[in-house]
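With these hints in hand, go ahead and build the complete structure from the sequences.
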Amino acid sequence: MSTAARDAGPELRLGRVVIVGASLAGLRSAEALRRKGFTGELILVGDEVHPPYDRPPLSKEFTAKAMPAESLHLRQNPSLEATWQLGVPATSLDAAAHVVTLGDGAELGYDGLVIATGAAPRRLPGLPGTARGLHYLRTVDDALRLRADLVPGTRVIVIGGGFIGAELASTCRELGLAVTVVTPLPMMVSALGQLSEAAAQRARRHGVEVIEGLGISAVEIDDRVRSVELTDGTRLPADVVVVAIGVRPAVDWLVGSGVLIDSGVVCDDSLAVRGVADAVAAGDVACWPHPALNGELLRLEHWTNAAEQATAAADRLLTGGRPFAPVPSFWSDQYGVRLQGVGLTGRADEVAVVDGDASGDQFVAEYRRAGQLVGAISAGDVRALLPYRRELVKRFAGLALASQ
Amino acid sequence: MRIELDPNLCQAYGNCLLSAPEVFELTQHDLVARILQEQPDEPLRAQVEEAVASCPVQALTLVDS
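Chains as they are written, first to last, in the numbering used here: chain L, 20 to 423; chain Y, 265 to 329.
None of these hints come from the bench; they were simulated from the model. One should not assume that every hint holds.
To be verified - If you want the footprint, here are the derived chain L segments under chain Y, 3+ residues with CB under 8 Å:
hint	segment
1	196 to 203
2	350 to 361
3	392 to 401
Positions of the beta carbon are idealized from the N, C-alpha and C atoms, including for glycine.
Below, the structure is given as structure tokens:
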């Protein structure tokens with residue numbers, strides 16, 4: 020991008036920054052703004068009533084064990100000096116006037132805006148909004164409702180085999196429940212690529228019925244969920260159905276605002292929102308051209324990205340920023356095994372297991388794209404990822420520099 | 265700067281090790297990470313800040329002094 024565009028934002032030290040989204044990315048952007056010297060007014064807006072909390076445990080230990088909701092709360096620096104408007108969503112943005120309107124009618128003017136509204140579960144078309152035994156999993160309230168339904172003897176069907184679906188199946192097995200995963204796509208394919216078969220094998224070995232390549236044609240519901248019908252006509256009885264077919268970035272409030280929307284809020288290479296002035300985006304809602312992807316937009320749903328991207332977005336708002344070229348990292352705990360990954364494994368076209376067995380407790384796999392290393396995944400020993408991460412950090416930094 | 269690690273919180277994710285391998289260690293059989301340099305040199309600050317921010321269980325604290 021041009022130097023002129025990058026210098027367009029005035030240095031922001033005073034005034035007011037409104038952060039829409041009060042989860043990990045929102046909190047971390049607030050902290051970063053303060054750390055980098057922003058002394059003006061900070062307002063965080065969140066649609067949930069809860070203060071920022073940690074979502075990764077929801078599909079895992081929070082549901083498997085009776086963890087209290089308070090244990091999820093993210094640590095907050097007491098000197099943050101921010102105003103919290105929780106339990107009220109943002110409903111529209113007037114970018115020209117620099118005003119965010121909230122669900123209670125309040126209007127918040129801003130000098131700088133951080134869009135960190137995250138994402139919401141995709142719904143299965145044709146289903147009622149709520150029904151006994153029908154669940155989605157995104158919030159702590161969702162998890163509490165689900166947990167209450169996972170009593171002994173419950174037959175669970177998880178629709179979707181991504182991170183949430185795969186982890187929930189593991190959690191159900193930990194609770195001793197019969198569980199079936201129905202997934203049109205191979206399990207965990209967005210992260211594991213060609214190794215997704217290993218994820219299905221691991222799940223089956225732990226007693227999960229995995230049905231790949233089929234979707235759902237109907238869910239039978241009377242006073243509660245009774246069964247699901249697969250696209251091949253098979254009917255499976257169920258007491259609990261969890262729909263975990265991915266998320267949609269929470270961008271409805273931005274429609275008509277001028278903010279460019281693609282697979283999320285489209286940002287430039289340093290996370291300034293395209294289409295409007297004085298705004299940045301971070302977390303699940305944001306997509307941007309990662310320098311390692313030749314201009315392709317990347318949207319990540321990893322915890323670590325929300326934290327890291329928020330810091331970079333704060334930088335952009337205050338100082339003009341620079342190309343954001345992270346080496347993403349992620350983890351997934353299933354059946355007592357922790358899978359960990361670095362890089363852009365989901366964008367690879369080639370994978371090679373260089374150590375161990377990918378369906379076992381210990382392995383290392385390398386991911387390449389057009390012959391070049393783009394990521395690695397391991398289980399059993401995180402140190403195996405160190406050399407890959409080191410190489411990727413170096414290469415992505417070089418690509419970012421070259422793109423300027 | 266000084267780093268504190270709460271061993272009761274640490275669950276051996278090793279994100280700190282990925283961010284700042286000079287400062288943290290985690291062997292295959294460790295149940296918690298270990299700090300190799302409690303007061304790392306200033307040039308490591310960015311890596312250490314990243315390590316603290318990337319801890320999924322918030323077991324790390326950076327104390328500036």
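Verification of the supplied hints:
no. : hint       : in the structure
1   : 196 to 203 : violated (count 0)
2   : 350 to 361 : holds (count 4)
3   : 392 to 401 : holds (count 3)
The earlier numbered hint that this structure contradicts is number 1, and it is the only one.
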